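Assemble the whole structure, with the sequences as input and the hints as a guide.
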Amino acid sequence: MSAPCLTVVRPGLFATIQDLGRFGHQELGMPVAGALDPIALRLANALVGNPLGTAGVEIALLGPALKVEADGVRVAVVGPMALSLEREGQSPQPLEPHRSHTLVRGDVLKLGAVTGAAVAYLAVAGGFALEPFLGSLSTYVRAGIGPLGGKPLGDGTRLPLNRNDATPGADVELPEPPDYGGGPVRVVLGPQEDRFTAEAVETFLSATYSVGKDADRMGLRLDGPTLAHTGSADIPSDGLVTGSIQVPGNGQPILLLNDHQTAGGYAKIATVISADLPRVGRLSPGGSLSFRAVTVEEAEAIRRRQEQTIASWVRAIRPVRPAGGVDLEALYAENLVSGVVDIVNGNGDILNQEQMCGRAP
Amino acid sequence: MDVRFTTAGDTAFNVEFGEGIDRPTNARVMALHARLKAAAPPGLVETVPTFRSLQVVYDPAVTSRREVQAAVEAELAHAGEAPVEGTLWRLPVCYDPDLGPDLLELSSSLGLSADRLIDLHGSTEYFVYMLGFMPGFAYMGDLPAEMERPRRSEPRVRVPAGSVATAGRLTTVYPWESPGGWHLIGRCPVPLYDGARPSPVLLAAGDRVRFEAVDRSRFDTLSAAATAGHFDPDTLRAAS
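Quick mapping for you: the protein sequence lines, in order, are chains A and B. Letter 97 of the first sequence, counting from 1, is numbered 96 in numbering that gives the first Met the number 0, and no numbers are missing. Letter 212 of the second sequence, counting from 1, is numbered 211 in numbering that gives the first Met the number 0, and no numbers are missing.
Keep in mind that the hints were calculated from the coordinates and are not lab data. The structure presented is a predicted model; accordingly, all values stated were derived computationally and were not measured. Some clues are possibly wrong.
[As the list claims (entries may be wrong)] Computed footprint of chain A on chain B, listed as stretches where at least three residues anywhere in the stretch have a Cβ under 8 Å from a Cβ of chain A:
| id | stretch |
| --- | --- |
| 1 | 4–10 |
| 2 | 16–23 |
| 3 | 40–50 |
| 4 | 126–136 |
| 5 | 199–207 |
[As the list claims (entries may be wrong)] The calculated SDA-like cross-link candidates involving lysine to any residue, where the alpha carbons are at most 20 Å apart (straight line), are:
| id | chain 1 | residue 1 | chain 2 | residue 2 |
| --- | --- | --- | --- | --- |
| 6 | A | K150 | B | D193 |
| 7 | A | K150 | B | E176 |
| 8 | A | K109 | A | E87 |
| 9 | B | K36 | A | L133 |
| 10 | A | K66 | A | L82 |
| 11 | A | K109 | A | S83 |
| 12 | A | K212 | A | R141 |
| 13 | A | K150 | B | P199 |
| 14 | B | K36 | B | A69 |
| 15 | A | K150 | A | G126 |
| 16 | A | K109 | A | R98 |
| 17 | A | K150 | B | S177 |
| 18 | A | K212 | A | F13 |
| 19 | B | K36 | A | G134 |
| 20 | B | K36 | A | G23 |
| 21 | A | K150 | A | F13 |
| 22 | A | K150 | B | W175 |
| 23 | A | K66 | A | L12 |
| 24 | A | K109 | A | R9 |
| 25 | A | K109 | A | T6 |
| 26 | A | K150 | B | G194 |
| 27 | A | K150 | B | A195 |
| 28 | A | K109 | A | L82 |
Backbone N, C-alpha and C fix where the C-beta goes; we use that ideal spot for every residue, glycine too.
Pasting the structure below:
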């Protein structure tokens with residue numbers, strides 16, 4: 000019998016394998032890549048008992064259909080998307096995101112349209128049996144780097160599984176979808192805010208921008224008032240991070256996302272704080288945003304609070320309560336404290352900082 | 000110029016050593032890069048050397064800007080301008096106009112013969128200031144002043160992998176087929192990026208490069224060997 004896997008029977012539009020990013024090799028010009036919405040990936044992993052930085056499938060626009068070629072596999076989807084299950088001998092049934100589902104051999108999981116955010120994530124218990132490249136399973140499509148030849152999922156792609164042994168009856172859920180909060184996107188000014196006129200900085204912090212049609216994993220072109228430089232827009236190329244907002248000579252800002260190049264030669268007016276990167280990673284063309292400046296110290300405090308919130312979401316994961324009827328399995332699990340801990344990470348350990356945060360921001 | 004710290008959000012900051020592109024400034028960047036790599040303070044994710052600044056990337060869930068900057072300042076107190084001893088590479092390049100489609104236009108716009116331009120390009124030892132743009136893309140200086148020319152006004156949508164190109168006072172070899180606005184003057188048959196190698200990128204910041212002209216038949220032989228996986232890039236290391 001062949002190795003357990005999920006086989007792509009319909010590829011969808013743009014689904015890639017991503018973890019929290021390929022850090023440590025930017026000095027070679029290697030982009031970080033990684034999940035556009037790392038919170039959603041982390042929660043999807045929590046729902047299937049994985050370390051939270053385990054690689055999953057990032058789904059943009061329209062998801063794939065996956066056939067289960069394993070005895071059993073537990074999966075979870077986090078993000079605003081429709082999904083359904085086709086099981087032999089049964090009529091197709093819709094499935095809920097934000098909970099785990101235990102699938103059996105022959106099942107076809109159909110992931111539909113992602114609506115209301117740019118991306119959603121699928122995690123599988125035990126993760127995918129794929130070979131990391133430079134320490135990461137993130138896919139960087141522009142240069143064909145990462146698992147599966149560095150390509151999005153295609154028709155017939157096999158996603159090998161590390162585990163083959165999921166047994167039905169222990170599914171869990173988030174009590175409610177995660178709320179990322181609203182309001183202006185918070186930025187720290189710089190590193191080159193001194194290359195812009197005072198009026199440009201004021202405009203940047205008071206205007207509303209919309210995401211233009213040129214939006215992909217590399218960055219978002221923002222439509223709105225132009226920003227004037229004091230001199231040339233060009234600087235000797237220096238480092239970029241996810242969240243850098245560079246402004247070329249035409250004055251229209253570009254917000255760089257995970258597939259950004261490692262260095263660039265346009266002056267940068269500001270940088271999105273790490274706690275708000277999941278929010279900007281969820282923006283699609285037509286979405287609007289405004290900016291508010293905070294200090295580095297404030298940004299760090301916001302990030303620390305956010306990590307506590309994510310930890311509380313993970314702790315709130317509970318056995319699924321079926322609509323109507325009594326689920327004896329769920330009742331049984333709820334009466335076992337250790338059962339709840341098992342659900343969190345699969346081996347009874349309290350999550351440590353590394354598991355919570357992955358390798359890097 | 001004094002060292003200047005600039006801020007890139009709550010995950011990174013830059014240590015700037017100057018305004019321009021020159022070897023002494025870059026040597027200070029590389030010296031701090033080497034020291035921080037060795038010291039590996041807690042929460043430091045990586046450092047990224049560029050022309051005149053070092054980007055310091057950290058994990059705000061583990062540490063803080065204040066702590067990382069203190070660690071950087073401690074290293075700065077000891078980091079001199081001692082140049083980092085990089086590898087000297089001898090890279091073959093074929094200057095056939097079929098492979099370097101801008102060679103003739105560039106030489107005539109500079110008022111040089113094509114042969115003179117090839118001589119100039121091949122007579123200089125270049126310094127790898129930084130990598131960026133795409134994995135393995137090396138910004139090498141300093142091109143002879145007679146060859147200085149701004150980027151093309153119309154960038155190409157597709158530049159073939161291996162293209163040897165110039166812009167301003169810099170030269171490079173495109174590791175990938177990609178868009179590009181530099182002037183293409185030849186082609187290098189050796190892949191500068193090869194995912195099958197343990198270290199997929201050939202050149203590192205701080206390395207030096209000499210280009211050695213080869214004719215078309217030698218180029219074809221080397222290309223065929225590289226494609227078949229029979230080319231050992233270690234043979235390009237020069238005794239320095």
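Exercise. Of the hints given before, which are not true for this structure?
Worked result: none
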